[in-house]
Amino acid sequence: MTIYNMYIFDRYGTLLYYGEWNRTKQAGMSREEEGKLMYGMLFSIKSFVAKISPLDPKDGFLHYKTSKYTLHCLETASGLKFVMNTDNQAQGVRDLLKKIYGEIFVKYAIRNPLWNVGQPINSELFKNKLDAFVKQTPIHAVRAS
Amino acid sequence: MVIYGVYIVSKSGGLIYNYDHNIPKVETEKSFSFPLDLKLQYENKKVIVAFGQRDGINVGHVLQSVNGSPVIGRSTEDGRDVFDLIEVKENYPLSLRFGRARATTNEKIVLASMFYPLFALASQLSPVPKSSGIESLTADTFKLSCFQTLTGVKFIVVTDPNMQGAELVLKRIYEIYSDYALKNPFYSLEMPIRCELFDTSLHTLLELVEKSGTANL
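Protein chains in written order, with the numbering used here: chain A, 1265 to 1409; chain B, 14 to 230.
Errors might be hidden in some of the hints.
[As the list claims (entries may be wrong)] Selected chain A positions facing chain B (Cβ under 8 Å, derived; list incomplete): (1) Arg1287; (2) Lys1300; (3) Leu1301; (4) Met1305; (5) Phe1307; (6) Ile1309; (7) Ile1316; (8) Pro1318; (9) Ser1331; (10) Thr1340.
It is worth saying that the hints were derived from the structure and are not from the lab. Just so it is clear, CB atoms sit at the ideal spot from N, CA and C, and this is done for glycine as well.
Please build the complete structure, drawing on both the sequences and the hints.
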């Protein structure tokens, strides 16, 4: 099990943060472009899910799976999107994303007086805390051992 | 094991077959008093709830009937405009029925062609080499499983989120497709599938899966 990379978007589609751990293939475009493409895909998936769903969706889109990886998405009430790519064996990624939101993002981005809402996060502290948090999770650890 | 629907998308992204198997009806009928505490709006030839939520009526639900008479467009059967009707205090109490709108055939065609770029993007944005497109997509109310053949035809089933073994069902649908659509001399590729044998075998398969699961496919 492993975690490949992670994107954080705000409600307007700005890529607030990008982090990667065991990614083996780059998208072949700039990070900015990749962020836009990713947000565009999530935006379409959201409206696709709302339309094709047989019942009224609450949380809406949770994750999708391809032959090689799984993309998990957590959308908060304020429209922030936490997106994480893992391999197909990873379990409990949604809880992990909730923890990242509550324990890392709120603590080290929202409470950081130097960060302006809607701007990319450049804080070194945020990066270190997120790295440390991801590396100590069981999903990430199994690959290393 | 609940299967909500089956879609087949041709290699160019067009919907060539659709079957709604078992879509639950979401309907609520309630008696309202003046003033109406829901905000209604006329959109895409339907009266929908734009704001407000109560007793199972959610934003996006469509007004289906007023006092038992069905709503067509924005007027009731006897030709009175719904919006005028709900403004007048004397008409209350009003019994309104709301429900979740079913996708029309046109909307389904749009949805099918919408899935095509999502599938392609998922493989382009992959963090690892040689990834396929979306194989399954899970939301809180359903799970969509997709199987793409070597020739690019996509088979899609929409099921309950806890459904296991959807891949097997897709493979069986592929078999039925090759047996009863492709081998039918009157069927031309990329065109909508209208073959009776295909329909009946697909219905039998879906009923079998619903009754006894995917274990004996």
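**Asked** Which hints from the list above does the structure break, by number from lowest to highest?
**Response** Numbers 2, 5, 10, in rising order.
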